[in-house]
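Undergrad: What follows is the residue order along each chain.
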Amino acid sequence: MDFAGALSPDNLRFILEGFYVTLKVAFISIVLSFVLGCLVGTIRYAKIPILAPVLGVIVEILRNLPLLLIIFFTRFALPDIGIKLDVVTSAIVALTLFEGAIISEIVRSGLNSVNKGQIEASRSSGLGYTQTLWHIVMPQGLRRMVPPLVSQFIALLKDTSLAVVISLPELMNHSKIVIAQSYDFVIPVLMVVALLYFSVNYALSLIARRLEAKFV
Amino acid sequence: MIEFRQVEKHYGSFHVLKEINLQIEQGEVVVVVGPSGSGKSTLLRCINRLEAISSGELTVNNSKVNDKKTDINKLRRDIGMVFQHFNLYPHKKVIDNITLAPIKVLGMTRQEAEKTAMYFLEKVGIAEKAGQYPSQLSGGQQQRVAIARGLAMKPKVMLFDEPTSALDPEMVGEVLDVMKALAREGMTMVVVTHEMGFAREVADRVVFMDQGQIIEEASPGEFFSNPREERAKLFLNRVLNH
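Sequences listed follow chains X and E, in order.
The numbering used here puts the first residue of the first sequence at 1, with every later residue one more than the last.
The numbering used here puts the first residue of the second sequence at 1, with every later residue one more than the last.
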């Protein structure tokens with residue numbers, strides 16, 4: 001084990017550069033997949049004709065494929081049909097599609113969990129379907145979604161490491177390169193990598209716990 | 001004001017309402033009683049189309065409830081409803097529970113709506129709870145808020161679906177008192193309930209239902225002392241002598 005060598009300023013900077021890419025890709029994908037998931041989840045909850053069943057099929061497909069396959073697809077298959085994406089974008093697209101599908105299911109089940117009596121009370125007072133969705137169903141459903149949503153965001157952040165297969169210059173990728181310099185670097189580097197992943201994800205969990213306490 | 005003509009309702013193969021003919025006039029208090037599963041809640045819920053009828057005709061204020069051309073949201077403004085389980089919005093304060101529909105549906109300003117809300121909260125006797133959340137209130141208080149919420153739309157008729165069935169016994173009285181006061185002021189009310197005392201004291205007419213049919217319609221005096229139908233006698237025996 002060679003802590004000093006493994007974590008030399010150059011190596012450390014390289015690892016942190018990778019970490020920055022991980023955070024950037026994760027953050028953008030979280031925002032996009034959340035927006036996409038909310039949209040798709042709500043459309044399916046509201047059973048909008050044509051759109052809802054079509055999206056249902058797409059969600060089913062995405063959810064039942066390995067993320068790795070989707071990452072390969074956006075990186076290597078899309079160019080064949082004329083869509084060329086750089087490595088960061090293809091990682092973001094793959095993560096957004098896959099996690100968006102899962103988040104849409106979280107959103108849908110969150111909305112479904114709102115008591116039917118709430119909807120009846122609102123509708124019987126003369127509020128329309130959309131007004132009821134907006135003022136009654138969504139605020140209550142969203143609160144219940146917080147814990148599963150945060151778990152999914154954490155999963156997404158960890159899933160960025162799968163993009164190592166398309167050489168996305170993220171944390172795993174850069175740490176692999178550092179490790180390749182010497183067998184003595186394996187343990188120190190992996191410890192740092194673990195610490196980095198853990199601290200961000202644990203911080204997310206803490207925020208989630210705060211939100212939960214505030215809402216519930 | 002409310003008229004059922006030959007109304008039928010099926011849930012799949014289950015015949016919930018059979019040949020319902022019923023007329024309710026403005027200012028009338030009609031209490032619907034009957035064993036559970038007799039279709040009385042369904043009957044009530046058809047009035048504001050929470051349930052659709054299968055055939056026949058149902059009109060409220062001369063609008064056909066199930067006509068495609070009827071603007072159901074507009075019709076519902078005039079029909080207040082109080083539920084067995086209150087159905088207050090847990091994420092909104094008491095005052096916001098009451099002002100939501102007046103603001104969003106009637107287009108009142110927040111100020112106006114809050115003034116109206118406070119007026120009705122005072123009327124049901126819990127003005128001091130305006131700033132609290134429903135979960136901080138007792139069942140009886142929650143149901144009174146629900147009544148105030150219905151009244152704030154200034155409806156022409158109020159529907160009550162077993163409003164005291166989910167309450168602890170000691171809270172039934174406070175809710176019934178509010179309803180009695182409302183009846184005295186001339187509100188048109190349709191009440192599904194198991195509170196025979198309330199029916200006897202307040203109803204202009206008692207409607208007895210069993211197995212999806214209206215079996216008997218009578219003034220409370222007549223119905224309770226001298227029911228005509230065998231099934232009504234049986235029912236009264238069971239609910240009054242326990």
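Derived by calculation from the structure, the hints in this document are not laboratory data.
A virtual CB, placed ideally from N, CA and C, is assigned to each residue, including glycine.
Just so you know, not all the hints are guaranteed correct.
Derived CB-CB ranges, DEER-like [claimed, not checked]: (1) E:Lys68 <-> X:Gly56: 51 to 57 Å; (2) E:Glu170 <-> X:Gly117: 22 to 28 Å; (3) X:Gly128 <-> E:Glu185: 27 to 33 Å; (4) X:Gly117 <-> E:Asn226: 53 to 59 Å.
Pairs of lysine-lysine residues, derived as BS3-like cross-links and limited to a Cα-Cα distance of at most 30 Å, are as follows [as the list claims (entries may be wrong)]: (5) E:Lys64 <-> X:Lys47; (6) X:Lys116 <-> E:Lys93; (7) X:Lys116 <-> E:Lys104; (8) E:Lys68 <-> E:Lys123; (9) X:Lys116 <-> E:Lys154; (10) X:Lys47 <-> E:Lys74; (11) E:Lys104 <-> X:Lys214; (12) E:Lys123 <-> X:Lys116; (13) E:Lys92 <-> E:Lys18; (14) E:Lys68 <-> X:Lys116; (15) E:Lys180 <-> X:Lys214; (16) X:Lys116 <-> E:Lys233; (17) X:Lys176 <-> E:Lys123; (18) E:Lys74 <-> X:Lys116; (19) X:Lys47 <-> E:Lys123; (20) E:Lys154 <-> X:Lys214.
Undergrad: Which earlier hints turn out false for this structure, listed by number in ascending order?
TA: Result: hints 1, 4, 8, 13, 15, 16, 17, 19, 20 break, sorted rising.
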